[in-house]
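Novice: Here is what each chain is made of, one letter per residue.
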Amino acid sequence: MDKRRIVQFLTAFIYNGNLPGFVNGRIWQGNSKQLCVPGLNCYSCPGALSACPIGSLQSFVSGVGLRFPFYVLGLLILFGLLLGRLVCGWFCPFGLIQELLYKIPTPKIHKNTLTLKLTYLKYPIGILFIIIIPLAFFAWEGVGIPAFCKFICPAGTLEAAIPLITLNADLRSSLGLLFGWKFLLMLFTILISIFIYRPFCRFICPLGAWYGIYNKLSLFGIQVDKVKCNGCNHCIKVCKMDCQEVADRECINCGECLKVCPTKAISFKKL
Amino acid sequence: MKKALWFLAIVFLVSGLYQKDYIAVLQKAAIICLECVGIG
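The listed protein sequences correspond, in order, to chains A and B.
Residue numbering for the first sequence follows the working numbering, starting at 1 and increasing by one per position.
Residue numbering for the second sequence follows the working numbering, starting at 1 and increasing by one per position.
No lab work stands behind these hints: they were computed from the structure.
Where is the CB? At the ideal position from N, CA and C, for every residue including glycine.
Among the hints, a few may not be true.
[As the list claims (entries may be wrong)] 30 Å max Cα-Cα, derived DSBU-like pairs, lysine-lysine:
1) A:K103 - A:K240
2) A:K226 - A:K259
3) A:K259 - A:K269
4) A:K226 - A:K3
5) B:K2 - A:K264
6) A:K216 - B:K2
7) A:K216 - B:K3
8) A:K226 - A:K269
9) A:K226 - A:K117
10) A:K269 - A:K240
11) B:K20 - A:K269
12) A:K228 - A:K270
13) A:K117 - A:K237
14) A:K216 - A:K264
15) A:K117 - B:K2
16) B:K20 - A:K240
17) A:K270 - B:K20
18) B:K3 - A:K226
19) B:K3 - A:K269
20) A:K117 - A:K103
21) A:K270 - B:K3
22) A:K103 - A:K259
23) B:K20 - A:K226
24) A:K226 - A:K264
25) A:K103 - A:K226
26) A:K3 - A:K103
27) A:K240 - A:K226
28) A:K111 - A:K237
29) A:K259 - A:K240
30) A:K3 - A:K228
31) A:K270 - A:K108
32) A:K240 - A:K270
33) A:K228 - B:K2
34) A:K228 - B:K20
35) A:K264 - A:K228
36) A:K270 - A:K3
[Said to hold, decoys possible] Label-pair restraints from in silico Cβ distances:
37) B:Y18 - A:Y120: 20 to 28 Å
38) A:P262 - B:I31: 53 to 61 Å
39) B:I31 - A:N233: 24 to 32 Å
40) A:I132 - B:V11: 23 to 31 Å
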């Protein structure tokens, strides 16, 4: 097992260390939930010890009170400046799940011009479901909704809904059409992850879109020594994401390109 | 640009901590999110 995979498993365990929750069906309510983790990890997962940044961000624009999310946005900018999409490649449990599904031996759909175009989908999805829809509901109904969590997030369905409804009869009896929709979306995400590398991260995830903005600015992550680079493009050929160049907005800093660079021009940034 | 973003992050974080935004985060995260589960 390589270093990145170990970090991914460790991260999933640290984010979801409330193991009794998976037995008694109760979520963690301790003070550690004041803090958002950098990766996508549903705070209603019975194991979750901290808060999901996307869910927390939406909680400020949903409900009856509307507040600017200074704290969560500050954390998100900080995570971006420190790590960029290193978060996606190393510290996101939902990314790990997709990567493991992609290991199932089947014919694969590799990156192409269509997948590259689809990478732009995550920007309008983020703006629509995290800002516009919650605010529109607030304006019309007086109550905003966390639209991304409610209508899209397959991580919530997989990490929270499945274990909670398995362990909790009251929740099971409340399931309706919305759950059916979210369950189908989760099944689709799981199924497509077997054939396409990290489809949710590449095409849908607002967190990936956000951190991608910081990839060139981040303190940690991958960099290219332009002097050493001979332009062979081995790095782009080996990359399973839709990168056009190393460390661009789609780069999750997985480090696969480091292994194939003949001139050792690619490296992880050091302080 | 980078310095401005660092400045913004710190200003937002300090403002958020001053307003005790973390309490709102805890309040949301400490109860089952019915929307996340697909009920609410």
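Novice: Check each numbered hint from earlier against the structure, then list the numbers of those it violates in ascending order.
Specialist: Of the numbered hints, 11, 16, 17, 23, 25, 31, 34, 37, 39 do not hold.
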